[in-house]
Amino acid sequence: MVRVASDTLNSRVPDGPLQQKWDKHLFDMKLVNPSNKRKFSVIVVGTGLAGGAAAASLGELGYNVKSFCFQDSPRRAHSIAAQGGINAAKNYQNDGDSVWRLFYDTLKGGDYRAREANVHRLAQVSNNIIDQCVAQGVPFAREYGGTLSNRSFGGAQVSRTFYCRGQTGQQLLLGAYQALMRQVSTGKVKLFARREMLELVIVDGLARGIVVRNLATGQLETHTADAVVLATGGYGNVYYLSTMAKGSNVTAAWRCARKGALFANPCYTQIHPTCIPVTGDYQSKLTLMSESLRNDGRVWVPSSKGDKRAPDQIPDTERDYYLERRYPSYGNLAPRDISSRAAKERCDAGHGVGETGLAVFLDFRDAIQRDGEDVVRKKYGNLFHMYNKITAEDPYKQPMRIFPAVHYTMGGLWVDYNLMSNVKGLYVLGEANFSDHGANRLGASALMQGLSDGYFVIPYTIGDHLATTKLEKIADDHPACLQAKKDAEDRITKLMGVQGKRSVDSFHRELGLLMWEKCGMARNRSGLEQVIGQIRDLREQYWKDVRVLGSGDTLNQSLEKAGRVADFMEFAELLAIDALNREESCGGHFREEYQTSEGEAARNDADYSYVAAWEFQSGGAEPILHKEPLVFENVKPSTRSYK
Amino acid sequence: MSTHLLNLNLRVWRQAGPNDQGGFKTYRLNGVSTHMSFLEMLDVLNEQLIAQKEEPVAFDHDCREGICGMCSLMINGQAHGPDNATTTCQLHMRRFKDGDTVTIEPWRAAAFPVLRDLVVDRSAFDRIISAGGFVSVNTGNAPDGNAILVPGVRQEVAMDGAACIGCGACVAACKNASAMLFVSAKVSQLAILPQGHPERNARVINMVAQMDKEGFGSCTNTSECEAACPAEVSVAHIARLNREYLRASIFAET
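Respectively, the protein sequence lines represent chains Z and L. Just so you know, we're using the working numbering here: the first sequence kicks off at 67 and counts up by one. Just so you know, we're using the working numbering here: the second sequence kicks off at 971 and counts up by one.
Honestly, the hints are just simulated from the structure, not real lab data. Glycine residues also receive a C-beta, built at the ideal position from the N, C-alpha and C atoms. Each hint should be verified, as a subset may be incorrect.
[Unchecked claim] Take a look, some chain L residues computed to stay more than 10 Å from chain Z by CB distance:
id: 1; residue: 992
id: 2; residue: 1045
id: 3; residue: 1095
[Claimed, not checked] Below, in silico cross-link-like pairs of lysine-lysine (DSSO-like), each with a Cα-Cα straight-line distance of 27 Å or less:
id: 4; chain 1: Z; residue 1: 254; chain 2: Z; residue 2: 105
id: 5; chain 1: Z; residue 1: 552; chain 2: Z; residue 2: 96
id: 6; chain 1: Z; residue 1: 105; chain 2: Z; residue 2: 536
id: 7; chain 1: Z; residue 1: 567; chain 2: L; residue 2: 1183
id: 8; chain 1: L; residue 1: 1067; chain 2: Z; residue 2: 560
id: 9; chain 1: L; residue 1: 1067; chain 2: Z; residue 2: 567
id: 10; chain 1: Z; residue 1: 610; chain 2: L; residue 2: 1023
id: 11; chain 1: Z; residue 1: 702; chain 2: Z; residue 2: 254
id: 12; chain 1: Z; residue 1: 551; chain 2: Z; residue 2: 539
id: 13; chain 1: Z; residue 1: 256; chain 2: Z; residue 2: 536
id: 14; chain 1: Z; residue 1: 560; chain 2: Z; residue 2: 90
id: 15; chain 1: Z; residue 1: 254; chain 2: L; residue 2: 1183
id: 16; chain 1: Z; residue 1: 702; chain 2: Z; residue 2: 455
id: 17; chain 1: Z; residue 1: 455; chain 2: L; residue 2: 1023
id: 18; chain 1: Z; residue 1: 256; chain 2: Z; residue 2: 539
id: 19; chain 1: Z; residue 1: 325; chain 2: Z; residue 2: 551
id: 20; chain 1: Z; residue 1: 256; chain 2: L; residue 2: 1067
id: 21; chain 1: Z; residue 1: 539; chain 2: Z; residue 2: 560
id: 22; chain 1: Z; residue 1: 610; chain 2: Z; residue 2: 560
id: 23; chain 1: Z; residue 1: 325; chain 2: Z; residue 2: 90
id: 24; chain 1: Z; residue 1: 90; chain 2: Z; residue 2: 103
[Said to hold, decoys possible] Pulled from the structure, derived: some chain L residues nowhere near chain Z, Cβ distances all over 10 Å:
id: 25; residue: 993
id: 26; residue: 1023
id: 27; residue: 1038
id: 28; residue: 1046
id: 29; residue: 1069
id: 30; residue: 1159
id: 31; residue: 1182
id: 32; residue: 1206
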């Protein structure tokens, strides 16, 4: 039985009509006088869209910012890999878009498991993001006459997605990175690359610093500040194979969770429908093919089971365009969770293609016939090139083979409307928090949320905290700092001391396979109960048998991985516990016991219309569940239909 | 697409730290699938080394899909290996033959000191961007996106420069270890776009000064950089940088 806390969480959503909440809140929050801002310091961990934008904007305001990333440069953060685009309610296409429609689509896309007020704010500031990025010199695609271009994305019937070829994330990130480097040149931001956060420092209930390991030298460093902002991305690599960067990890967030920050909705994981299929045991990661391809590509499998003919030998009458068949109004642009499950359903039924039978076709034949190869090349050239590099197949001549893969995680540290966790002074932005996407994120919304949090939310909300909280000066030798540093040191010593027989990667792979099989695209009670035990056993084995060579005081990539995998081993259990607790299907969380006769997700609003925020308990005890009831005052939750 | 297995000899640069002399070490690796990426092949090598209680080879990598710019490696003397327009992480073993000897080195440039094995310090690139590779517009200060019109054709040229992933292959491929392609990609993007115009003189002067200060060599127009660039950034951007530099030298206000 799950232990449930008696009190409910307070999201601190302001009163008043939805459209006026943010404006009212902006006025109600306390300000820090411009000349006082230089007296405050802020730590920002992570330099992706959320962290980079936050560090740059806070530096511009005059705060003293320390910016950290584990990569060799802030420009490497994994936001860079986002391909398709960023949504905004500009209605430049005159096709009926509005802030309200973007809000509604995002809330519905999230299967009514997101906080209404946050999503509305996101839609409101979406337009400012486009303006800001254009002003920075982000080269969004343009029409011949110079105006901005748009395209469509899954889950929407309007064209509201802004893009830079197939590398929108890269360009937005470089925009934020350049703004950040400008602040570095002014001295307002100090940059700490190749640093990994290992501990949070809490003093008198307030987040006041972090302990990091300098990955180049192995030295542990303590940094203190008046507030800590975490923008450390998602936890998809708990599955080992995912579209995340190899270094993406849950450590920073999990270290905070172990110190009392609540972890919300970890079971909401997004499986992206269009990724390049696995080819072998050595596979180290999966590569996404942008959802934007579904604007022009048609998804199909052979109508008859086990049809091994070459795709061009299969006539149209013997092809099953199953998305167009099942969801005629959205067709190939059905949301990600729905498209992924539909692909799995066809493959499970024996219609899968390729060597393994775990793939479906994404076919551009009709688009090339209709628009010509040049037009298709201009829109998707770099994606086709990437596909060709990996598979040695030419998607201009034969359909791509695609299969779903772990891509994004909607869960994350719990935050209130101000993006502050339950640990005062600890803010969490972007994919690392849980707040805006509910149980499923729509395409082109991640970039929007990261930049919204970083450019247009945290600069205001953090000021309110700094202006209203008594903050004593903290030195590096404060007992809380020393203890945090000692904890980090002890852990490294322990990991190095195991001296077992198995590599870190072999454990990570095993964990990932367990999670994918029992807690992946489809979940059920017995599988989840079983996997929780298996994770515990594997974790025990890990601490007895992992082999980390070398030493802690040099650049040591095995040690870096070992720490991250140790945290994944703990976090995986929480993910499974959350999936077991949520006895409904919604968005990316599909419980086989809860589905309609047509195989669609069956939500249970009566019992599960809440955010599940888990409190870590030490000594292996079960976590405690805190609930934040979800209240929908403006949009009545309905069954999602994309038919 | 059938699978073949390769048996390879790997000559890998091993260097314990920044002050270590370093040297090549040869490893035999059998049964390498032609479907593997080059970095997956190194993963397999590292598993083999760990099993033999030898420290694994350190190399930088992150996204493994050719966009983050973190992977590097000179492979048989070529930056990012033999394929055009390809990062090391996107290079696949089908490009090699059974029995091949493959030499793997870090980027070689005074401005990119080796930290360990195949890992180098590329923070010089960050400092160059910091010297002027931006538009000075604070958050909240922007006009409507469509208030700034950029003809589609010019936009495409700006995007060609903006596509740079900052990996440093251009430096590694250049006999002078010049960073001109990297610097020009940013200067050119922001010189083409109207947003970049107010600062264009100071930008090019300051970025080039920082490039020199970091110890990168001079450009002698051999275009090795373009040939090695995984993002296909053209040397036409270097030509534009040179025009920008001349223009700034004549017209700069200060």
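Would you assess whether residue 1206 of chain L, listed as outside the interface, keeps its beta-carbon beyond 10 Å of every beta-carbon in chain Z?
-> Since the minimum Cβ distance to chain Z is about 16 Å, residue 1206 of chain L lies beyond 10 Å and the statement holds.
Would you mind confirming whether the straight-line C-alpha gap from residue 560 of chain Z to residue 90 of chain Z stays at or under 27 Å?
-> Given pair residue 560 of chain Z, residue 90 of chain Z is violated - Cα atoms ~51 Å apart, limit 27 Å.
Are the Cα atoms of residue 539 of chain Z and residue 560 of chain Z separated by 27 Å or less?
-> 33 Å, violated
Mind checking the alpha carbons of residue 552 of chain Z and residue 96 of chain Z for me, to see if they're no more than 27 Å apart?
-> 37 Å, violated
Straight-line Cα separation of residue 325 of chain Z and residue 551 of chain Z no greater than 27 Å?
-> Answer holds: residue 325 of chain Z to residue 551 of chain Z is near 14 Å, not above 27 Å.
Are the Cα positions of residue 702 of chain Z and residue 254 of chain Z separated by 27 Å at most?
-> Not satisfied, since the Cα-Cα distance of roughly 46 Å exceeds 27 Å.
Does the no-contact call for residue 992 of chain L survive, Cβ to all of chain Z over 10 Å?
-> Fine: 14 Å to the nearest Cβ keeps residue 992 of chain L off the interface.
Least C-beta distance from residue 1045 of chain L to chain Z larger than 10 Å | Non-interface label on residue 1045 of chain L holds, nearest chain Z Cβ at 15 Å vs cutoff 10 Å.
Regarding the pair residue 254 of chain Z and residue 105 of chain Z, is the alpha-carbon distance no greater than 27 Å?
-> 12 Å, holds
Are residue 1067 of chain L and residue 567 of chain Z close enough, with their CA atoms no more than 27 Å apart?
-> 32 Å, violated
Mind verifying the non-interface call on residue 1023 of chain L? Its CB should be farther than 10 Å from each CB in chain Z.
-> Given a closest Cβ separation of 7 Å, the condition is violated.
Is the straight-line distance between the alpha-carbon of residue 455 of chain Z and that of residue 1023 of chain L 27 Å or less?
-> 34 Å, violated
Hints 3, 5, 7, 8, 9, 11, 14, 16, 17, 20, 21, 23, 26, 27 and 30, counting from the list given before, are not met by this structure.
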